[in-house]
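Colleague: The sequence shown: position 86 = 86 (full-length UniProt numbering), numbered continuously.
What the hints contain is simulated information worked out from the structure, not anything from laboratory work.
The beta carbon of each residue, even a glycine, is placed where N, CA and C say it ideally should be.
Mixed in with the good hints, there may be bad ones.
[What the hints assert, rightly or not] Now the in silico label distances, taken between C-beta atoms and shown as ranges:
1. 21 - 59: 17 to 23 Å
2. 132 - 35: 37 to 43 Å
3. 63 - 118: 29 to 35 Å
4. 131 - 109: 19 to 25 Å
5. 115 - 53: 27 to 33 Å
6. 72 - 110: 34 to 40 Å
7. 134 - 46: 18 to 24 Å
8. 64 - 95: 19 to 25 Å
9. 5 - 27: 30 to 36 Å
10. 46 - 130: 19 to 25 Å
11. 73 - 126: 29 to 35 Å
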Amino acid sequence: MSARGKARRRALDILFEAEARSEDPLSVLAERLERAEPPVNEYTTTIVEGVCRHRARIDELITAYADGWTLDRMPAVDRNLLRGGTYELLWMPDVPEGVVISEWVSLASELSTDESPQFVNGLMARFKQLKPSLTL
1 MSARGKARRR ALDILFEAEA RSEDPLSVLA ERLERAEPPV NEYTTTIVEG VCRHRARIDE
61 LITAYADGWT LDRMPAVDRN LLRGGTYELL WMPDVPEGVV ISEWVSLASE LSTDESPQFV
121 NGLMARFKQL KPSLTL
């Protein structure tokens, strides 16, 4: 797994843990940075902070385009995969879109349900397609 791949996975871990503990992801991130075991990559910090900064818009987009699914009905890991992936796809123009989608779909394959990779891929591909017209 690449350094950025590991950073994405760590960001997902932090986002998921924060939700499971009903805590602010930035607080969980701060704990991990202080503990530094395992070390937290700068890219992980960028993703977690970006998701927090744009969370309302990210959740709005996921809700609007996830046909037949509400955020509450999604598995928690999928919600957080989509949050991290959507942030990276829409707010980090220096990262190739295909790489972003592939990496987050790979995490869905590894960590979620059998249907999750297709769901995450479909929604993120839709965001890629709509990106020029989305108000961010």
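Colleague: A separate judgement is required for each hint: does it hold in the structure or not?
Modeller: Comparing the hints with the structure gives:
At about 19 Å, the beta-carbon gap between residue 21 and residue 59 stays in the expected band of 17 to 23 Å. Look at residue 132 against residue 35: about 41 Å separates their beta carbons, and that is inside 37 to 43 Å. Between residue 63 and residue 118 the Cβ separation comes to about 19 Å, which falls outside the hinted range of 29 to 35 Å. For residue 131 paired with residue 109, a C-beta distance near 24 Å keeps the hint of 19 to 25 Å intact.
Hint check: residue 115 to residue 53, Cβ distance near 30 Å, so the stated range 27 to 33 Å holds. The given range of 34 to 40 Å is broken by residue 72 and residue 110, whose C-beta atoms sit roughly 24 Å from each other. In this structure, residue 134 and residue 46 meet the distance hint of 18 to 24 Å, their C-beta atoms being roughly 20 Å apart. Evaluation of the 19 to 25 Å hint for residue 64 and residue 95 yields a pass: the beta carbon distance comes to about 23 Å.
For residue 5 and residue 27, the hinted distance range of 30 to 36 Å is not satisfied, since their beta carbons lie about 25 Å from each other. The supplied range of 19 to 25 Å is met by residue 46 and residue 130, whose beta-carbon atoms lie about 23 Å from each other. Between residue 73 and residue 126 the beta carbon distance is about 18 Å. The supplied range of 29 to 35 Å is therefore violated.
Taken one by one, the earlier hints fail for this structure at numbers 3, 6, 9 and 11, listed in ascending order.
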